[in-house]
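Student: Each chain, letter by letter, is given below.
Protein chains: 2
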Amino acid sequence: MKPVTAEIITIGDEILYGQIVDTNSAWMGTELTKAGIKVHQITSISDNPEHIVSALDDALTRADVILMTGGLGPTKDDLTKDVLTSYFHTELVLHEPSLADITAIFARRGMEVTQLNLEQAMLPAACTPIRNVLGTAPGMWFEQEGKVVVSMPGVPFEMKRMMSDIILPQLKAYFSTPEILHKVIQTTGIPESILAAKIENWEDSLPHHIKLAYLPHLGGVRLRLTGHGNNATTLEQEMQQQVDKLSKIIPNYIFSYGELTLEEAVGQLLKERGLTIATAESCTGGFLAHKITSISGSSAYYQGSVIAYHNEVKIRELNVKPETLKQHGAVSEATVREMAENIRLKFGTSIGVATSGIAGPDGGTPDKPVGTIWIAYADKDKTRTKLLNFNKNRLLNIEYAALAVLNLIRQSLVATVEE
Amino acid sequence: MKPVTAEIITIGDEILYGQIVDTNSAWMGTELTKAGIKVHQITSISDNPEHIVSALDDALTRADVILMTGGLGPTKDDLTKDVLTSYFHTELVLHEPSLADITAIFARRGMEVTQLNLEQAMLPAACTPIRNVLGTAPGMWFEQEGKVVVSMPGVPFEMKRMMSDIILPQLKAYFSTPEILHKVIQTTGIPESILAAKIENWEDSLPHHIKLAYLPHLGGVRLRLTGHGNNATTLEQEMQQQVDKLSKIIPNYIFSYGELTLEEAVGQLLKERGLTIATAESCTGGFLAHKITSISGSSAYYQGSVIAYHNEVKIRELNVKPETLKQHGAVSEATVREMAENIRLKFGTSIGVATSGIAGPDGGTPDKPVGTIWIAYADKDKTRTKLLNFNKNRLLNIEYAALAVLNLIRQSLVATVEE
Numbered sequence: 001m002k003p004v005t006a007e008i009i010t011i012g013d014e015i016l017y018g019q020i021v022d023t024n025s026a027w028m029g030t031e032l033t034k035a036g037i038k039v040h041q042i043t044s045i046s047d048n049p050e051h052i053v054s055a056l057d058d059a060l061t062r063a064d065v066i067l068m069t070g071g072l073g074p075t076k077d078d079l080t081k082d083v084l085t086s087y088f089h090t091e092l093v094l095h096e097p098s099l100a101d102i103t104a105i106f107a108r109r110g111m112e113v114t115q116l117n118l119e120q121a122m123l124p125a126a127c128t129p130i131r132n133v134l135g136t137a138p139g140m141w142f143e144q145e146g147k148v149v150v151s152m153p154g155v156p157f158e159m160k161r162m163m164s165d166i167i168l169p170q171l172k173a174y175f176s177t178p179e180i181l182h183k184v185i186q187t188t189g190i191p192e193s194i195l196a197a198k199i200e201n202w203e204d205s206l207p208h209h210i211k212l213a214y215l216p217h218l219g220g221v222r223l224r225l226t227g228h229g230n231n232a233t234t235l236e237q238e239m240q241q242q243v244d245k246l247s248k249i250i251p252n253y254i255f256s257y258g259e260l261t262l263e264e265a266v267g268q269l270l271k272e273r274g275l276t277i278a279t280a281e282s283c284t285g286g287f288l289a290h291k292i293t294s295i296s297g298s299s300a301y302y303q304g305s306v307i308a309y310h311n312e313v314k315i316r317e318l319n320v321k322p323e324t325l326k327q328h329g330a331v332s333e334a335t336v337r338e339m340a341e342n343i344r345l346k347f348g349t350s351i352g353v354a355t356s357g358i359a360g361p362d363g364g365t366p367d368k369p370v371g372t373i374w375i376a377y378a379d380k381d382k383t384r385t386k387l388l389n390f391n392k393n394r395l396l397n398i399e400y401a402a403l404a405v406l407n408l409i410r411q412s413l414v415a416t417v418e419e
Numbered sequence: 001m002k003p004v005t006a007e008i009i010t011i012g013d014e015i016l017y018g019q020i021v022d023t024n025s026a027w028m029g030t031e032l033t034k035a036g037i038k039v040h041q042i043t044s045i046s047d048n049p050e051h052i053v054s055a056l057d058d059a060l061t062r063a064d065v066i067l068m069t070g071g072l073g074p075t076k077d078d079l080t081k082d083v084l085t086s087y088f089h090t091e092l093v094l095h096e097p098s099l100a101d102i103t104a105i106f107a108r109r110g111m112e113v114t115q116l117n118l119e120q121a122m123l124p125a126a127c128t129p130i131r132n133v134l135g136t137a138p139g140m141w142f143e144q145e146g147k148v149v150v151s152m153p154g155v156p157f158e159m160k161r162m163m164s165d166i167i168l169p170q171l172k173a174y175f176s177t178p179e180i181l182h183k184v185i186q187t188t189g190i191p192e193s194i195l196a197a198k199i200e201n202w203e204d205s206l207p208h209h210i211k212l213a214y215l216p217h218l219g220g221v222r223l224r225l226t227g228h229g230n231n232a233t234t235l236e237q238e239m240q241q242q243v244d245k246l247s248k249i250i251p252n253y254i255f256s257y258g259e260l261t262l263e264e265a266v267g268q269l270l271k272e273r274g275l276t277i278a279t280a281e282s283c284t285g286g287f288l289a290h291k292i293t294s295i296s297g298s299s300a301y302y303q304g305s306v307i308a309y310h311n312e313v314k315i316r317e318l319n320v321k322p323e324t325l326k327q328h329g330a331v332s333e334a335t336v337r338e339m340a341e342n343i344r345l346k347f348g349t350s351i352g353v354a355t356s357g358i359a360g361p362d363g364g365t366p367d368k369p370v371g372t373i374w375i376a377y378a379d380k381d382k383t384r385t386k387l388l389n390f391n392k393n394r395l396l397n398i399e400y401a402a403l404a405v406l407n408l409i410r411q412s413l414v415a416t417v418e419e
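Those protein sequence lines, which keep their order, are chains A and B.
The numbering of the first sequence is full-length UniProt numbering, which starts it at 1 and goes up by one.
The numbering of the second sequence is full-length UniProt numbering, which starts it at 1 and goes up by one.
Treat the hints as calculated values from the structure; they're not laboratory data.
For clarity, every value in this text was computed on a predicted model and none was experimentally measured.
It is possible that part of the hints are untrue.
The list cannot tell twin chains apart, which means a pair is met if one copy fits it or any two copies do.
Only pairs whose alpha carbons sit at most 30 Å apart, straight line, appear in this in silico DSSO-like list of lysine-lysine [claimed, not checked]: (1) LYS321 <-> LYS346; (2) LYS386 <-> LYS271; (3) LYS326 <-> LYS346; (4) LYS183 <-> LYS321; (5) LYS34 <-> LYS198; (6) LYS183 <-> LYS34; (7) LYS34 <-> LYS380; (8) LYS147 <-> LYS245; (9) LYS368 <-> LYS183; (10) LYS198 <-> LYS245; (11) LYS271 <-> LYS382; (12) LYS211 <-> LYS172; (13) LYS382 <-> LYS2; (14) LYS271 <-> LYS368; (15) LYS380 <-> LYS211; (16) LYS380 <-> LYS38.
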């Protein structure tokens, strides 16, 4: 069965000029995908009648559903409704229920309805109006030769409410959509190319109706399996079998089979095991603590931190031995080991972790170039250290180092094989 | 003079399926607009050869410059390079400098280069390769009948570096773009609507060729003046006069006349005055320290921090009196005042600052709802405290509070009028 395809057209200069980020399309993309409708293209254009018509013409040659947002406001630079009225060879007529909605909104705000807003209740005779309970611009649903064109306001919460309440259910009813399932497997600590080489045979053996995508991002590669089928239960089983196979190939690199972040996954591990943690940071300057405390409920396992940006603070607050600093320097395995072990003792936690490195852009030496970062993990049984060198810019070095510490915690707690 | 027009084509299912939000296009839209190039359309498509070709064909009928991102990774779902090689009737040849860059990246990571990554140095003979100093996928610059097609990786920091260093300067040189000057005035501590009312008369008096844009963002409103003209020197003078007028209207809300962030502006102030600072954080959990240490050279004024997530740590490490905690609670003016004063004494710095609050989503009470955050500033002469209540989500509460502390430092050091 051929999948139902959709295109999204967003109208308005503010997206083209970069004044706002188009988060509407990502939200619609997620919802349409979940509904089994394949998004084929997203197009952002300006409020220009010819451009709207040509974008719509083109989209209708490719897709079954066109979802348009924007250009429905009451001011004269909003042209979408007039363009669609002419496009579908129809005329504007008063839509009484929309008039009542608009009047009610102004009454709630204690204001007089303006003439411009009253005109928003004039809608193309050929469309099915879509009620807007949160604003003054109704949506419009057109059908033509088995295809659907929908126009919605660009205000995110108005659009989302219309999509959830009316448009998505109507689309699912209008087209009988096939089953599409997604499974996400999140990896960290392995570059995309090496991961790809490791799982190449598995990837090549995937059945034709299950596809793999690599989604690399800061600190990891997200793998997404997308399966198409007619029976949700069978498809779910087939996909789970593939995930199980994959997890045997790269057990230590997977930290989540869903949307959990690395800091959430680590937080869950600590909580499940009743462990507490404290941090001692030099080069990451608080970012590691921030990642940990960005998770709601982290106070259950997180005690606190000493950020020791200066050597004097490392000595006084973290009991790093002056001779260690003198002999090995602040950026060294010996120093970061003492930092992790001592913060654990100082704060009385199960685990202590530490960072010390050269975030850049200055401070590098031939021996220890910018990006040289030592990290350490200490618990009652062992201390593990790791040397990183990402050589990114300052902020990225800081972020990567914090993620590497989170992964070191995870691996120290769960990994069965030394990586 | 007809404006130079650009289109952006982003390639990759992850945008269509809504798994990532397309922030690249907004960034490119902003930079192209600043360079005097008009963005005409943004198109997001999947990694499909026919679709890439038809999107490119269409874009070339409308615009002078086509900027493509994505589909340049080493794996087999990345098809952009092969499609462009065939589109421009050329062939792949080894590009030695890119090979050296790729090899160097792997050498720095202490890893063996994979065959897949080596193949990333094979580039179309017809293109001018664009160096990627941050990743393994070089960019490509094609010219055809006076038009330019550029392909870049989709990884944001790699794309941004390429655009800033190479592509934008080359586009300005290739097309002779008109004079457009921008001046940015950054404000903080005043909501957009109140700011707009305060500067309304000034805004209305601006000459026709100088336009004002309000760009609100987390923690402030950025004002951008854009001037069009034929003579850069005259235009620069005219715009500077307008900025001077504005700075007399809202002196205490402006922290920068350029791209400086608030943390950079505060860092400069501390450096100029030879002051040092230490932080004591509860609810911000390291994010304030991170903001301060995200600035290169911050070790000149930043000593370190105690993150006291638990009351016990507040007592033991920050000498907060147990009776203060008992009588007023951790989230109180009295506690945050002791935290700021004591971290200053403990670390021997000129300034101590502190945060204590309820970031949420849990932990609120009728008396102290989620978002209740006390901040404090202490130096040898005075202690200033401030109660915040943003009532946003956890991360936003944390970020707003850190920015409010930075602004409290700035105001304590420079403000001539109490705000």
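Student: At most 30 Å between C-alpha atoms: does LYS382 with LYS2 qualify within a copy, between copies, both, or neither?
Tutor: So LYS382 and LYS2 fail the 30 Å test inside a copy (57 Å) and across (69 Å) alike.
Student: If the cutoff is 30 Å on CA atoms, where do LYS147 and LYS245 land: within, between, both or neither? Let me know, please.
Tutor: For LYS147 and LYS245, the Cα distance exceeds 30 Å both inside one copy (41 Å) and across copies (49 Å).
Student: Between the shortest in-copy and the shortest cross-copy C-alpha distance, which are at most 30 Å for LYS198 and LYS245: within, between, both, or neither?
Tutor: within (13 Å within a copy, 63 Å between copies)
Student: Please sort LYS321 with LYS346 into within, between, both or neither, judging by C-alpha distance up to 30 Å.
Tutor: both (15 Å within a copy, 19 Å between copies)
Student: Since the copies are identical, ignore which copy is meant and state whether LYS211 and LYS172 lie within 30 Å (CA to CA) inside a copy, between copies, both or neither.
Tutor: Within one copy only: 22 Å inside, 42 Å across.
Student: Can you tell me if LYS380 and LYS211 fall within 30 Å by alpha carbon in one copy, between copies, both or neither?
Tutor: neither (44 Å within a copy, 63 Å between copies)
Student: How do LYS386 and LYS271 come out at 30 Å by Cα distance, when the copy is not named: within, between, both, or neither?
Tutor: within (25 Å within a copy, 34 Å between copies)
Student: At 30 Å max between alpha carbons, let me know whether LYS34 reaches LYS380 within a copy, between copies, both or neither.
Tutor: neither (45 Å within a copy, 56 Å between copies)
Student: If the cut is 30 Å between Cα atoms, do LYS183 and LYS34 qualify within a copy, between copies, both or neither?
Tutor: within (10 Å within a copy, 41 Å between copies)
Student: Is it within, between, both or neither when you check LYS34 against LYS198 at 30 Å Cα-Cα?
Tutor: This pair counts as within: shortest intra-copy Cα distance 26 Å, inter-copy 44 Å.
Student: Tell me, please, which holds for LYS271 and LYS382 at an alpha-carbon limit of 30 Å: within, between, both or neither?
Tutor: within (20 Å within a copy, 41 Å between copies)
Student: Between the shortest in-copy and the shortest cross-copy C-alpha distance, which are at most 30 Å for LYS368 and LYS183: within, between, both, or neither?
Tutor: For LYS368 and LYS183, neither the intra-copy (41 Å) nor the inter-copy (40 Å) Cα distance is at most 30 Å.
The structure shown violates the earlier hints numbered 4, 7, 8, 9, 13, 15, 16.
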